[in-house]
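Asker: Protein chains in written order, with this note's numbering: chain A, 230 to 466; chain B, 13 to 452; chain C, 4 to 404.
Covered by chain A, according to a simulated footprint, are these stretches of chain C (three or more residues, beta-carbon under 8 Å):
{"hint": "1", "region": "7-20"}
{"hint": "2", "region": "315-323"}
{"hint": "3", "region": "390-402"}
The calculated DSS-like cross-link candidates involving lysine-lysine, where the alpha carbons are at most 25 Å apart (straight line), are:
{"hint": "4", "chain 1": "B", "residue 1": "249", "chain 2": "C", "residue 2": "116"}
{"hint": "5", "chain 1": "A", "residue 1": "348", "chain 2": "C", "residue 2": "11"}
{"hint": "6", "chain 1": "B", "residue 1": "249", "chain 2": "B", "residue 2": "294"}
{"hint": "7", "chain 1": "B", "residue 1": "249", "chain 2": "C", "residue 2": "175"}
Hint data in this document are derived by calculation from the structure and do not stem from the laboratory. Cβ coordinates follow ideal geometry from the N, Cα and C atoms, glycine included.
Letter by letter, the chains look like this.
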Amino acid sequence: MLEMQHIGKVYRTELVETHALRDFSLRVNEGDFVAVTGPSGSGKTTFLNIAGLLETFGDGTYRLDGEDVSGLSDKQRSRIRNQKIGFIFQSFNLIPDLDVADNVELPLRYRRLDRGERKARAERALELVGLASRTRHLPSQLSGGQQQRVAIARALAGEPRLILADEPTGNLDSLMARQVLDLLEEINARGTTVIMVTHDPDLSRRAHRNVHVLDGRVTDFKPYDPVPGGLAAGAGA
Amino acid sequence: MFAHHLRTAWTSVRRSPVLSILIVAAIAVGIGVSITGLTIYHMLARDPIPQKSDQLFRVQLDSWDPDSPFFEGGDEPSGPPFWLTYQDAMALLESDIPKAHAANYRSAAVLESDNPSVAPDVYGIRATTRGFFSMFEVPFRYGAAWDAAADQDGAPVVVIGEKINDELFGGEDSTGRTVRLGDDEFRVAGVLEHWSPHPRFYDLNMTTFGDPEQLFVPMRAATDREWAINGNTSCWKPESLVTFRDFLGSECVWVLFWAELPDSASREAYMTYLNGYVDQQKAAGRFPRPMDNRLRSVEEWLEHRQVVSDDSRVVVALAFLFLIVCLLNAVGLMLAKFAGTAPSAAIRRALGASRGDIVRQYLTEVGAIGIAGGLAGLALAATGLWSLRQGFEDLANVARLDLSMGFTAIGLAFLAALAAGLYPAWRVGRAVPVRFLKSQ
Amino acid sequence: MELGSILKGMSRNWVGPLLVALQVAITMAVMVNALFVIQERREVMARPTGVDEANLGRTGIFAYADDFDWTGEIRADLEALNNHPGVHAAGTVNSLPGTGSGWSSTWLVEENKPETSVQSAMYLVDEHGLETLGLELVEGRWFREDEIIDVDPTGFEGFFSGIVLTESLANKMFPDGALGRMVYTESEDQAPVVGVVRQLAVPWPSYLEWEDSSLVPGRLSGPAIFYAVRAEPGRLEQVLPEVEELLTGRASGRTVLPPETHREMVAEEFTDERATVRILFVIMVLLVLLTGLGIVGLASFNVRRRTRQIGTRRALGATRGDILRYFLAENAVLTAMGLGIGVVLTYALNYFLADQFNVARLPGSWLLIGMLALLALGQLAVLGPARTATRIPPAVATRTV
Ligand SMILES: Nc1ncnc2c1ncn2[C@@H]1O[C@H](COP(=O)(O)OP(=O)(O)O)[C@@H](O)[C@H]1O
Ligand SMILES: [Mg+2]
Chain A
230 MLEMQHIGKV YRTELVETHA LRDFSLRVNE GDFVAVTGPS GSGKTTFLNI AGLLETFGDG
290 TYRLDGEDVS GLSDKQRSRI RNQKIGFIFQ SFNLIPDLDV ADNVELPLRY RRLDRGERKA
350 RAERALELVG LASRTRHLPS QLSGGQQQRV AIARALAGEP RLILADEPTG NLDSLMARQV
410 LDLLEEINAR GTTVIMVTHD PDLSRRAHRN VHVLDGRVTD FKPYDPVPGG LAAGAGA
Chain B
13 MFAHHLRTAW TSVRRSPVLS ILIVAAIAVG IGVSITGLTI YHMLARDPIP QKSDQLFRVQ
73 LDSWDPDSPF FEGGDEPSGP PFWLTYQDAM ALLESDIPKA HAANYRSAAV LESDNPSVAP
133 DVYGIRATTR GFFSMFEVPF RYGAAWDAAA DQDGAPVVVI GEKINDELFG GEDSTGRTVR
193 LGDDEFRVAG VLEHWSPHPR FYDLNMTTFG DPEQLFVPMR AATDREWAIN GNTSCWKPES
253 LVTFRDFLGS ECVWVLFWAE LPDSASREAY MTYLNGYVDQ QKAAGRFPRP MDNRLRSVEE
313 WLEHRQVVSD DSRVVVALAF LFLIVCLLNA VGLMLAKFAG TAPSAAIRRA LGASRGDIVR
373 QYLTEVGAIG IAGGLAGLAL AATGLWSLRQ GFEDLANVAR LDLSMGFTAI GLAFLAALAA
433 GLYPAWRVGR AVPVRFLKSQ
Chain C
4 MELGSILKGM SRNWVGPLLV ALQVAITMAV MVNALFVIQE RREVMARPTG VDEANLGRTG
64 IFAYADDFDW TGEIRADLEA LNNHPGVHAA GTVNSLPGTG SGWSSTWLVE ENKPETSVQS
124 AMYLVDEHGL ETLGLELVEG RWFREDEIID VDPTGFEGFF SGIVLTESLA NKMFPDGALG
184 RMVYTESEDQ APVVGVVRQL AVPWPSYLEW EDSSLVPGRL SGPAIFYAVR AEPGRLEQVL
244 PEVEELLTGR ASGRTVLPPE THREMVAEEF TDERATVRIL FVIMVLLVLL TGLGIVGLAS
304 FNVRRRTRQI GTRRALGATR GDILRYFLAE NAVLTAMGLG IGVVLTYALN YFLADQFNVA
364 RLPGSWLLIG MLALLALGQL AVLGPARTAT RIPPAVATRT V
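Turn these sequences into a full structure, and let the hints guide you.
Answerer: This is the structure:
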């Protein structure tokens, strides 16, 4: 599904240069469920952004679905995001002015689907996350867990091949976090590749494979992991 | 508390200087434009002699053509003519009902002086009877108006303005000295102080906002010399006009006539007198129209002659709509500005400030901004009026700020800013404190 | 494209959009009406006077010496003027068109029939008049030197040997040919129409029909008279001071009236109109700027407020074009709402101005043009902030908490 080789990413500000990723290589197969862990500032989000074509990178090559994406225009990248990738953010990022249904339909709009098709797909996605009854609610009228489920429905509505989730449970309590993860597992079970960044070892353990990022590199060494099984699962992939 | 509000306002202004300056600018532009428009209107509409404008009356007798209107412009097509015939004006001077009265017209002559450094030049002249000076409270620096005898016999005497006195006589008391007007020696009877009523209500024939004449001579002295009429002359009756005498005896109207009537009793008496005079003339075969004599106060006269132009009213209307747009802009800017300070307002609320305290705090700030905007707007208006004076000679006496417009500008800006700030202040005051505190 | 969501967004944050919509509405009302008044006033000022406006000037003399030789000095003045290099022609006049003061006269088409009376401006001109004013004679002839009589506004003897009418007045008085017809006065004088000129405006901008003028061979009998001076093309500014000097030096016992160009005199007469045009123009420009800035302000505020939202949209696959179009569409909706109110306001304002003041009814096309102009203004104003929005990176969605 996705293959990164020797990716480097440098952030330059006036004062400092940060090597957010260096010599970052990773392969994710179609249908995988990968949990990305690592300390704060290690480069997880950067990896996810590059994987999702939100950001460009400096060195290395990146093939998504067999296609080299390094030379693509902004417009082409937008299209790929829209058609192949679904994002789930830590802070949900629902558009506050739009109600639930409109939020879910949003990626379909950018795909220029007609109204009927949009409605049908949004309805299906909302049903999947169990919020079919809340279509006319505004984000501010929902709980955090509900908001994140809407965000998941939005990510699913376009029937993407790859779901990228950046700490999707970071703003949720543990019960809601588990619900969200149930949902992601279900999606993965239907064949969608899922890459999820998380801090929570309980959650990462449920992934097929764990990738640990440290200082901008993929490493198998997980010094903070209190559960040795996690390491085994990561190494086993 | 107010001092505290003021101090907080100043801190707040300093915290968002760009927004504050933009708000002041929005108000200033609005005030600048509306005060510019309003000043012109105000100057056109102003009472040139407020202390007795309701006691001074323009006299109109309807001696005009029975078959055609006197004037077709304006709102009243067939009222009496603006001016009197010479014979009627002379007849009315016989009445002793008015406290004062004056028949007059504008003429021109070349003035020569003994002063060799002053070249002969053409000057406008007011040819009038002496009532003019007392009636219009024309101030004298030296000497006085000529005596009643000069009105009768047309003695060559002259009252001169301060400007001419400065030029010819270096500002000295020149009474008793002479100037040459149209090749005749005129003795200076008096010298005026600066006197310049705007609009020049007593004669609206030429430029309404011109300065008064600098030379005044007895009407008789001018007509004896057949000095031309520099104003409107309107004739309707087929008459043979060969000599100036014929003209003076004709039905042509051209003499301006004013009367001072201090109370309603004298007004009624004078009207009765005028009607009696016209009846008498009708019996003699004149005044073919139905009786229609008018006494118009200064204010009514200015209104009748439409001194305030429609255009100036249009400008005021549009300028005020412009002000409204500026204020809408200011409201938007204030919302943005206050949104930024909402958290600190929330802290104040949490510390026990009431909603009213918060609203008052913001209104203090808005009021201060309004006054700043008013001052800046006044400067803009002054600039605008200055550029109008530069561009249009005739507006030299119109496009001028006076004290009342200055106060109007500041007051208007203050009120406008308060009006614009009311909603933004209320919105911040209404906000639930917790929401902002949490988001900090 | 996203009309529904744009409207919903506006209804959630309605104060800012409402303020701008109202601004757009009032701006439209003021702009269209101000432009209309400006246009009306300019039309009045742009009316041709029929004389060679660009090259015509006026001076004159005011005599004061008792023994001043009026006729002789004027003849000598004119001879000197007409021989002066740069002067095309010079002659005496009582007034010039569009300058605010002059004479009017009542003519009768039929003798002793007051009901056939016609009002017109009356110009006193001499034998040089045709060349001096630069009139176009379409029929008949101009006046000869021996026809010029002395005229005093307060009475004179005799009457004119002929009269020249403008085409407009001739058509009004004598629809089937004016030349040779008699013109009568109420005081039983008469004169034949000896010529017809194409065009000559009256002296007063707002009194009488603009082109109802008549010309008679006459010359003021003192003490003051005007000389119209027509310069060779383009030489007026140079010639006028020379003329003043020439006249001043030529004789004593009189003063020379300061020369003015015809254009200056007309401009002065139109002070009100010109001042109105200038003020309204400034108001309009400021208003358009202000409303443009208001739109920029609201849009910038929105872009800043929606940074994360825009990043999210980009993450979900919106292209830069989509974002740009979103803001343009949002502005179009906003402006359209403003213009909806604006149309009503514009008409109401015009109705008020037409009802109260001397302003005409607004033609519908002006409304359309005003709407298009403001729509364009809105799109132009929002372009800057919208482009800023397109530059918001999609990564904002993951980076901002
Ligand atoms: N836009 C940016 N500009 C500069 N530095 C950045 C930027 N984004 C991230 N970084 C830096 O890059 C490094 C990796 O960040 P990130 O990928 O967000 O870490 P993680 O998600 O693992 O916490 C950090 O040191 C962070 O400070
Ligand atoms: Mg992160």
